[in-house]
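Sequence order for the protein chains is A and B. Residue numbers are given in this note's numbering: position 3 of the first sequence equals residue 3, and the series is strictly consecutive. Residue numbers are given in this note's numbering: position 45 of the second sequence equals residue 160, and the series is strictly consecutive.
Zero decoy hints are in this set.
Restricting the straight-line Cα-Cα distance to at most 30 Å, the calculated cross-link-like pairs of lysine-lysine (DSS-like) are:
1. Lys153/B with Lys44/A
2. Lys185/B with Lys41/A
3. Lys52/A with Lys118/B
4. Lys40/A with Lys131/B
5. Lys41/A with Lys118/B
6. Lys118/B with Lys44/A
7. Lys153/B with Lys22/A
8. Lys9/A with Lys153/B
9. Lys52/A with Lys153/B
10. Lys52/A with Lys67/A
11. Lys44/A with Lys185/B
12. Lys71/A with Lys19/A
13. Lys36/A with Lys118/B
14. Lys153/B with Lys41/A
15. Lys40/A with Lys153/B
16. Lys118/B with Lys67/A
17. Lys71/A with Lys153/B
From the structure, some residues in chain B lie toward chain A, with a derived Cβ separation under 7 Å:
18. Tyr148
19. Val204
20. Trp210
21. Ala216
22. Phe219
23. Ser221
24. Gly222
If you anchor each label on the Cβ, the simulated ranges turn out as follows:
25. Thr212/B with Leu54/A: 17 to 25 Å
26. Phe169/B with Asn51/A: 22 to 30 Å
27. Thr115/A with Pro229/B: 34 to 42 Å
28. Gly28/A with Val161/B: 17 to 25 Å
No wet-lab data here; the hints were simulated from the structure. All values derive from a computational prediction rather than experimental measurement. All C-beta atoms in this analysis are idealised placements derived from N, C-alpha and C, irrespective of residue type, glycine included.
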Amino acid sequence: DTAVSQTPKYLVTQMGNDKSIKCEQNLGHDTMYWYKQDSKKFLKIMFSYNNKELIINETVPNRFSPKSPDKAHLNLHINSLELGDSAVYFCASSLGSGVIPHEQYFGPGTRLTVT
Amino acid sequence: AQKVTQAQTEISVVEKEDVTLDCVYETRDTTYYLFWYKQPPSGELVFLIRRNSFDEQNEISGRYSWNFQKSTSSFNFTITASQVVDSAVYFCALWGTGRRALTFGSGTRLQVQP
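With the rest of the complex left out, here is chain A:
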């Protein structure tokens, strides 16, 4: 059973398009995250949600909008894609409310290429 799954695994699209990446976890965790990993492997938090409530929203352009329909899902919608959005996006989940950090379980990543 896959603990944290993301779809799609690869996404190639043109500038200006809108796309979504879906994330689901079957671990019963309360907190979910989105990270961006750039071409130099640098990992940065974008958003975190606890029980469908937004906890962290880093300085991410408002073209990025996370949506959490329930605590097992955290989707990422990106409007008006730009070349600089090309990266690997990782979803993760963990126990707890985020005050005391627990181990984060990461999804396999979605490689987004904007042409």
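Got chain A sorted already, so can you dock chain B onto it with the hints?
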């Protein structure tokens, strides 16, 4: 502000050598947590260890060991008798109770040659 520095961009060793990956952190929080994650060539991130700021005991898990020194703000990771399967990018990360998010270092790519 929080910062994690992994000064070693890439390390190459021959199998069975011991190797130490350095991690230096900065935070103003008195309570914080330190992590190591492994990212093998397949791309997924794998949790290795979590340490809180009040526990300076070193930890050993098989061939892996971690040395936490608050006095030098370091949390170094040693692999003993390295194996080809250890080849990966290793990330050190910091969680401060003020920010409630992981701040990752830039990673160290370890290549273990047969």
